[in-house]
Amino acid sequence: MTETLNKQEKNLSAIIHASTFSKYFIPFGNFLLPLILWTAYKKDYGFVDQNGKQALNFQISLLLYSIILGIFTIPFLIGIIPEILHQGDFGFAQFNNLNGFNFDFHQLKLGKLLWPLGIAGVAQLGLFLVNIVYTIIATIRTSEGQNFKYPISIQFIK
Numbered sequence: 008m009t010e011t012l013n014k015q016e017k018n019l020s021a022i023i024h025a026s027t028f029s030k031y032f033i034p035f036g037n038f039l040l041p042l043i044l045w046t047a048y049k050k051d052y053g054f055v056d057q058n059g060k061q062a063l064n065f066q067i068s069l070l071l072y073s074i075i076l077g078i079f080t081i082p083f084l085i086g087i088i089p090e091i092l093h094q095g096d097f098g099f100a101q102f103n104n105l106n107g108f109n110f111d112f113h114q115l116k117l118g119k120l121l122w123p124l125g126i127a128g129v130a131q132l133g134l135f136l137v138n139i140v141y142t143i144i145a146t147i148r149t150s151e152g153q154n155f156k157y158p159i160s161i162q163f164i165k
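For the sequence shown, the numbering used here gives the first residue as 8, with consecutive numbering after it.
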């Protein structure tokens with residue numbers, strides 16, 4: 008397929024993939040810039056149409072995965088709050104003594120809190136790394152004229 012693609016098609020496809028990094032500078036830039044570029048050129052170039060769909064589907068999938076991780080983490084946080092505040096873990100039992108606040112953090116039991124947060128944090132870090140690595144690979148491959156399909160992408164736009 009490389010011989011039938013012109014330089015502009017390859018460059019536009021690579022720019023669509025690379026434009027997803029704009030989320031670090033522009034809120035929702037990972038959706039807005041690829042969407043603008045894709046809709047502007049999808050009728051003119053089939054390769055750009057295919058890559059625009061791939062980039063947007065991947066970014067939507069990553070957003071969905073992050074939301075799901077957050078939803079699964081919230082119950083653990085809500086469940087641990089009463090245990091943290093229970094019986095003076097933050098020294099709340101000592102508030103009656105106005106002359107000396109005793110914030111004794113040695114009794115603080117964060118083990119149950121750190122496991123779900125740690126697992127969610129590692130999973131979010133994994134999604135971050137997957138996003139960076141596969142976006143770079145997609146940008147390079149499409150600039151060379153090769154088709155690229157993201158591995159964990161759900162096909163929302165067909």
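Incorrect hints may appear among the rest.
To be verified - Think about it this way: if two alpha-carbon atoms lie no more than 30 Å apart in a straight line, the pair counts; the simulated DSS-like pairs of lysine-lysine are:
#: 1; residue 1: Lys49; residue 2: Lys156
#: 2; residue 1: Lys60; residue 2: Lys30
#: 3; residue 1: Lys49; residue 2: Lys14
#: 4; residue 1: Lys60; residue 2: Lys165
#: 5; residue 1: Lys156; residue 2: Lys30
#: 6; residue 1: Lys60; residue 2: Lys49
#: 7; residue 1: Lys156; residue 2: Lys60
#: 8; residue 1: Lys49; residue 2: Lys30
#: 9; residue 1: Lys60; residue 2: Lys50
#: 10; residue 1: Lys50; residue 2: Lys14
#: 11; residue 1: Lys30; residue 2: Lys50
#: 12; residue 1: Lys165; residue 2: Lys50
#: 13; residue 1: Lys165; residue 2: Lys14
#: 14; residue 1: Lys156; residue 2: Lys50
#: 15; residue 1: Lys165; residue 2: Lys30
#: 16; residue 1: Lys156; residue 2: Lys14
#: 17; residue 1: Lys30; residue 2: Lys14
#: 18; residue 1: Lys14; residue 2: Lys60
#: 19; residue 1: Lys49; residue 2: Lys165
Unchecked claim - So the derived label-pair ranges between C-beta atoms look like this:
#: 20; residue 1: Gln131; residue 2: Gln15; range: 15 to 25 Å
#: 21; residue 1: Gln131; residue 2: Ile33; range: 33 to 43 Å
#: 22; residue 1: Ile159; residue 2: Ser29; range: 15 to 25 Å
#: 23; residue 1: Ile126; residue 2: Asn13; range: 19 to 29 Å
#: 24; residue 1: Gly53; residue 2: Ile78; range: 30 to 40 Å
#: 25; residue 1: Gln162; residue 2: Ile33; range: 20 to 30 Å
#: 26; residue 1: Leu39; residue 2: Val140; range: 41 to 51 Å
#: 27; residue 1: Pro82; residue 2: Asp51; range: 44 to 54 Å
#: 28; residue 1: Ile43; residue 2: Gly125; range: 34 to 44 Å
#: 29; residue 1: Pro82; residue 2: Gln15; range: 48 to 58 Å
#: 30; residue 1: Lys14; residue 2: Ile164; range: 19 to 29 Å
#: 31; residue 1: Val129; residue 2: Asp51; range: 40 to 50 Å
#: 32; residue 1: Ile164; residue 2: Ile74; range: 31 to 41 Å
Hints in this document: simulated from the structure, not taken from any laboratory.
Ideal Cβ positions, reconstructed from N, Cα and C, are used throughout, including at glycine.
Hints and how they fare:
{"no.": "1", "hint": "Lys49 - Lys156", "result": "17 Å, holds"}
{"no.": "2", "hint": "Lys60 - Lys30", "result": "17 Å, holds"}
{"no.": "3", "hint": "Lys49 - Lys14", "result": "16 Å, holds"}
{"no.": "4", "hint": "Lys60 - Lys165", "result": "7 Å, holds"}
{"no.": "5", "hint": "Lys156 - Lys30", "result": "21 Å, holds"}
{"no.": "6", "hint": "Lys60 - Lys49", "result": "9 Å, holds"}
{"no.": "7", "hint": "Lys156 - Lys60", "result": "10 Å, holds"}
{"no.": "8", "hint": "Lys49 - Lys30", "result": "22 Å, holds"}
{"no.": "9", "hint": "Lys60 - Lys50", "result": "13 Å, holds"}
{"no.": "10", "hint": "Lys50 - Lys14", "result": "17 Å, holds"}
{"no.": "11", "hint": "Lys30 - Lys50", "result": "26 Å, holds"}
{"no.": "12", "hint": "Lys165 - Lys50", "result": "14 Å, holds"}
{"no.": "13", "hint": "Lys165 - Lys14", "result": "25 Å, holds"}
{"no.": "14", "hint": "Lys156 - Lys50", "result": "20 Å, holds"}
{"no.": "15", "hint": "Lys165 - Lys30", "result": "23 Å, holds"}
{"no.": "16", "hint": "Lys156 - Lys14", "result": "20 Å, holds"}
{"no.": "17", "hint": "Lys30 - Lys14", "result": "26 Å, holds"}
{"no.": "18", "hint": "Lys14 - Lys60", "result": "20 Å, holds"}
{"no.": "19", "hint": "Lys49 - Lys165", "result": "13 Å, holds"}
{"no.": "20", "hint": "Gln131 - Gln15: 15 to 25 Å", "result": "37 Å, violated"}
{"no.": "21", "hint": "Gln131 - Ile33: 33 to 43 Å", "result": "21 Å, violated"}
{"no.": "22", "hint": "Ile159 - Ser29: 15 to 25 Å", "result": "21 Å, holds"}
{"no.": "23", "hint": "Ile126 - Asn13: 19 to 29 Å", "result": "47 Å, violated"}
{"no.": "24", "hint": "Gly53 - Ile78: 30 to 40 Å", "result": "37 Å, holds"}
{"no.": "25", "hint": "Gln162 - Ile33: 20 to 30 Å", "result": "25 Å, holds"}
{"no.": "26", "hint": "Leu39 - Val140: 41 to 51 Å", "result": "22 Å, violated"}
{"no.": "27", "hint": "Pro82 - Asp51: 44 to 54 Å", "result": "48 Å, holds"}
{"no.": "28", "hint": "Ile43 - Gly125: 34 to 44 Å", "result": "38 Å, holds"}
{"no.": "29", "hint": "Pro82 - Gln15: 48 to 58 Å", "result": "50 Å, holds"}
{"no.": "30", "hint": "Lys14 - Ile164: 19 to 29 Å", "result": "26 Å, holds"}
{"no.": "31", "hint": "Val129 - Asp51: 40 to 50 Å", "result": "42 Å, holds"}
{"no.": "32", "hint": "Ile164 - Ile74: 31 to 41 Å", "result": "18 Å, violated"}
Going through the hint list in order, the structure does not satisfy hints 20, 21, 23, 26 and 32.
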